[in-house]
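> Could you put the whole structure together from the sequences, leaning on the hints where they help?
According to full-length UniProt numbering, the sequence shown is numbered sequentially starting from 1.
Since the hints were derived computationally from the structure, they do not count as laboratory data. Note that CB positions come from ideal geometry on N, CA and C, so glycine has one too. There's no promise every hint is true.
Said to hold, decoys possible - Restraint-style ranges between C-beta atoms, simulated for each label pair:
1) E38 x Y7: 16 to 26 Å
2) E25 x R52: 14 to 24 Å
3) L36 x N13: 12 to 22 Å
4) N64 x D28: 25 to 35 Å
5) P21 x K56: 15 to 25 Å
6) D28 x E63: 29 to 39 Å
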Amino acid sequence: MKIKVDYLVCEANAICMGLAPEVFELDDDDQLHLLLPEPPPEMMDRVRHAVRSCPKAALSVEEN
Numbered sequence: 001m002k003i004k005v006d007y008l009v010c011e012a013n014a015i016c017m018g019l020a021p022e023v024f025e026l027d028d029d030d031q032l033h034l035l036l037p038e039p040p041p042e043m044m045d046r047v048r049h050a051v052r053s054c055p056k057a058a059l060s061v062e063e064n
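Put into structure tokens, the structure is as follows:
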């Protein structure tokens, strides 16, 4: 599975980072970075929760 970010939609609310800090990170300029663009299977429940929780729907998960 791979995480996709629509950077034009992302408003850097950091909800994803709060739910899965090992995967999502905001820098000092409020730019979202994927630390693990393809997280391991054991993290996917938390990642899916973070994706669903994005208030701007800027995140998605692509199934391999």
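> If you test the structure against every hint from before, which numbers come out violated?
The structure conflicts with no hint, since it agrees with every one listed earlier.
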